[in-house]
Each structure stands twice: as C-alpha cells, then as structure tokens.
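Please model the entire structure based on the sequences and the hints provided.
As they're listed, the protein sequences go chains D and F.
Numbering of the first sequence is given in the working numbering, commencing with residue 1 and proceeding in unit increments.
Numbering of the second sequence is given in the working numbering, commencing with residue 1001 and proceeding in unit increments.
Incorrect hints may appear among the rest.
[Claimed, not checked] Among chain D residues calculated to face chain F with C-beta under 10 Å, some are:
| id | residue |
| --- | --- |
| 1 | 78 |
| 2 | 158 |
| 3 | 162 |
| 4 | 203 |
| 5 | 205 |
| 6 | 244 |
| 7 | 250 |
| 8 | 289 |
Hints listed in this document are in silico derivations from the structure and should not be mistaken for laboratory results.
All C-beta atoms in this analysis are idealised placements derived from N, C-alpha and C, irrespective of residue type, glycine included.
2 protein chains.
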Amino acid sequence: MAQYIFAVDLGGTTVKLGLFDKEGNVLEKWEIVTRKENNGENILPDIAATILAKAEEKAIAKEDILGIGIGVPGPVDSKGTIYKAANLGWDVFNVSDTLSELTGLPVKTGNDANVAALGEMWKGGGQGYNSIVAVTLGTGVGGGVIIEGKLLAGATGAGGEIGHIHVEDNERIPCGCGNTGCLEQYTSATGITRLANERLALDAKPSVLRDGEVSAKTVFDAVKAGDELAIEVAEIFGMYLGKGLAVVGAVVNPEAFVIGGGVSKAGEVLFDYIEKNYMKYSFHGTRNVKFKLATLGNDAGIYGAAKLVLE
Amino acid sequence: MAQYIFAVDLGGTTVKLGLFDKEGNVLEKWEIVTRKENNGENILPDIAATILAKAEEKAIAKEDILGIGIGVPGPVDSKGTIYKAANLGWDVFNVSDTLSELTGLPVKTGNDANVAALGEMWKGGGQGYNSIVAVTLGTGVGGGVIIEGKLLAGATGAGGEIGHIHVEDNERIPCGCGNTGCLEQYTSATGITRLANERLALDAKPSVLRDGEVSAKTVFDAVKAGDELAIEVAEIFGMYLGKGLAVVGAVVNPEAFVIGGGVSKAGEVLFDYIEKNYMKYSFHGTRNVKFKLATLGNDAGIYGAAKLVLE
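Here it is, written out as structure tokens:
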C-alpha cells in the first residue's frame, strides 16, 4: 500500500529533502548541494539519485511511494512547466515529466513560495483553514494563494506574486523587477531597513537605531522597546502592507493571511501595524479574516511539497 | 438520462430563467417578477414553482434534470450560503439547500457577478480560456475570478470584488462601500461621467462633450471622433483600470481579462487605454494575458448559472 512521499525544496545553494508518511509526519530530513554548473543539468539527476538511494536504504518499494513533490525557485504552472529559473540556469521545460522519467515515480511541481504557503496551511500557521494567502517577508516579498485547499499557480506560474503589487505612485527608485512602487520595496527586510534609514536621515530625532546596525530585526526590537522613531517606521511598513493585503483580500477573500519570512520573527507586534491598515483599506465583505504567523520556518517548503502529492 | 439544466439569474426587479441542455444550448428563456415584499420570502418559492411548471410543460422528468444553477445579488460562499442581500431583503441562509428542498433537485448557487464571469468563460468572450478575470463596468464595477474552470467564491462570498480595490490615496469623496479611492470611483459608468465633468470644469478647452449629455457612452463616442478632452478622460480611466488589473494580475495571473458591462459597449477602443497601463504597472511574469470583450450581455448570468451545475 502506497504510503510514503518524498518532498523536495530546491534552493539556489541547497536541496532540502524529506521523507513523509501521508499523514504529514516527517520520517527523515536531509540535504544535498545544488550543482548549478552547466545550466543546472545535474540538479534533477542528483535529486533522483538521492531519492532512489534513500528508498533503497529504507527498503521502501516503488509501489509504496505515492509520489514526489518538489518546490522550485521560479514560475511554474499547474502542469509542472517552469518558465525559466534564472538562478539555476534553467530554461523552459516540464519539471514533473523530467523528474518522473528519472525516478519512475509520479511528480508534482510548484513554485517554492507557493509550495511553502501550502505547507503552512497544512501543518503550520494556516492549519485549520482552507483558503489562505501566505506572505513571505524576507529579502524580497513572496506570496502564495491557496483556494479551498488548492494552490493557485497562475496561467504562467506567477500566481501569488504579491511582492510586486503596485502600492506607491510617488516612488523613484526601481524595484528589482523593473517597476517602481512595488509592495516589496517597503515591506521586505531590505525595504524596512531602507524606510528606517530614510527616516533617520530626515532629522535628528533620538532613537536607539542611531547606535548600531539598522535592520528589520533592530527596527522591531526598538518598536517593542517603545522607540518613537522605530514606531514611525513600523507605521509606514504597516500602511503599505495593510493596503497591499486589502487589495489581495478584495480579489481572493481568504480566511487567513499567514505572515512568514525573516521579518515575521518580530512576532505578533507586526499585526498591530498591519491589521488596522487592512481594516482601513479593505472592502467590508473581506474583513472577517485572521492574521497568523507562519510556524514552519525553513521546513515549510518540504511540508508543502509533500502536500502537493496529496492534493 | 439526466440532460437538462435550469438556470436562474436573480435580479432585484426580474428573475431571468433558462432551460439548457448540457452542451450549453439554450432551449428556452423566460422571466418572472422578483417579489421583494416581506423580506423576499416569495422569491425562492416563485422560482421553484416556475421551474417545476416548465418541467411539466416540457414533459421533462426529474431524473432527466441535472440540477438548478442560480446567481444571486449578494456575497455567496462555495457552499451556497448568502451573507445578506440587502436589495432582496434577505438575511444569512443557505440558498442551495432552500431551493433544493422546494424543488427536490440539486442546486448550485453563486454571486451574480461571479456567475456571469463563469458564463463569459464558457460561452462568451472568455471562451477557450480556463483562468479568467471578468470585469463588469456598469453603474458600479463588479468582477469574477475563474481559476482552472472553477469560480473563486471567497471565504465569505466576496471573491472578485475588484471594484473595491484601492487605487487612489488622494480621494476625498467616499465610494458607495464607505472607503475612498476605490477602482469603481473612476472606471464605472458613473465614475467616467464624473471624471469627464471634473475635466470639463477645469478650463474652457473645447470639446463635443460641452454640447450635450455627458456619459460613459458620449465620452467614448467623442474619443472615437478624436476629441482631445475626451481622450484625456480616457487616459485617466485607462490609468486606473490598468493599474487595478495589474494588481489583480499579480495575485491570480489569469490567461485573459474579459471586460463587460454597459461601458464595454464602447468596444475595443477601451483596450487602447487599458492595455498600455496594464503593461506599465504589472509584474513582468503576468504580462502574457489577453484582453477580450464580453459577448453575452444580459444572458451571461443564465449561461454561468447553467455552467455552475456542470462544474
């Protein structure tokens, strides 16, 4: 009886892998290096080899494996086609078909941020909900939309790209994507640092942030300590994120927003700044929504990859 | 063999009904009055009675009816629960269960704008696509999101409420929803008329719009005739709609936007103003999208209601 799942979270440096049972228990976790040379031609063969080796080591027969789920860093449609992954050197091809040929196992593929969202819904901060929007506040801002338990991949794999929602008309500095005024420019770790540095340069108002490194972490530590200038920065952050999520709410009307990524380590204090702005800018019919913290950290990807197989 | 579908488009004045075969051919269309007195308690019994009478008239046995689909003017979740419909006098209850008890037939219920979107995808301007966002530019601005053939209802029935996306920080006049700066305030028929009147009041620039009624129709007629002032108004309209749809694109990454409602009678000239702004504000991964005109007009609702049954 098929009861095992192999889950893969493919990153630019490391491939994280997990062996799951179908209830979502991790039986084993391990990592291999991502070999990017020659346009990443070794990546999928390496993944296939380590999975087949692990199955042999554990004496798991192929008919006992439900399949492989994999999250990859690039836009992926619902059939498993990736539309380029620049930092792996990959061009357009079908990841599911290729990995399936290499392993003889069924494969489901998703975008890494979307797959992490699925993981958070299944076993993390979104547990108990069926329709969520996950927001990852890291170096950039990623997102994943899950509707009635199913990942919204998008026609060309760009579903849930909420870091690139336009939220500011009066921005001059371009975002990494080439546009100006993207949500990511104000609410990523990088964006928060920038907002803080701009505020510090504005006048000589005292702040603990003048005494050391300025980062998303030090900003929110200062907010918790009651630092007025840091609180001003948090207000701006919250205005942009609340406004951005209000727009997302009007489109998909989720049960919950699950906030993850490095910035979310600040904890529930973030909600003090996000929620009131969400309520201000959102359509009244979308205000019955919960704000939750992500709980799976770096494991969200493998949990979501396992869930992909069970979808 | 079950092969007939009854489709219902419930409006505030009239109930439109259709008898369909499962290929989507309309075999008959008719209407009854919407009796709103006593909090609309007669509405569903009236609908049940006219459907059962039509089945008898046509000698269609119950086992030959796949079910009833109905679009209603209010927020409806995927289980058929309506969260109030102010203009019918309805409070919260399950429409599908109630109409099913009255008819002995399976019932599927959706929000009217969402259901019309489904109709346009099935048999209208969105034909051939699987994931679309329909935008209705009427007195207000409605929307419907279809993902891989399935309606996105939203957790509390407010999915696709894209008329209430926030697009302007510097608005003072409130939208009907109570917020300020909603997409609807600039891109509905009412909004376009307002934009035109504001532009006319700004200075004495000549325009054919000074000689008669100002409406969305006269504005776009003037645009087609090369009227410079009308073209300025169309540019503002297009900036807001392009910016709003760019945000929608980043969230759901559809294959096509289908533009309907009274304003869409202006035709493809609208796309001259929408598309360039969509391209300006959208995330690059969401730019491979088509803009289409809705084609079903007032019949979109019954087509979509029929399709609900086949989902």
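Now for the hints, and whether the structure bears them out:
1. Proximity of residue 78(D) to chain F holds as hinted, the smallest CB-CB distance being about 7 Å (cut-off 10 Å).
2. About 3 Å separates the beta-carbon of residue 158(D) from the nearest beta-carbon of chain F, less than 10 Å, and the hint is met.
3. Nearest Cβ of chain F to the Cβ of residue 162(D): about 6 Å, under the 10 Å cut. The hint holds.
4. For residue 203(D), the interface hint is violated, since its Cβ never comes within 10 Å of a Cβ in chain F; the closest pair sits about 24 Å apart.
5. The interface hint given for residue 205(D) is violated, since its Cβ lies 25 Å from the closest Cβ of chain F, which is over the 10 Å cut-off.
6. Interface hint status for residue 244(D): upheld, as the beta-carbon distance to the closest one in chain F is roughly 9 Å, under 10 Å.
7. Here the hint on residue 250(D) is kept, as its CB sits about 5 Å from the closest CB of chain F, short of 10 Å.
8. A distance limit of 10 Å between C-beta atoms decides the matter here; for residue 289(D) the minimum to chain F is near 7 Å, and the interface restraint holds.
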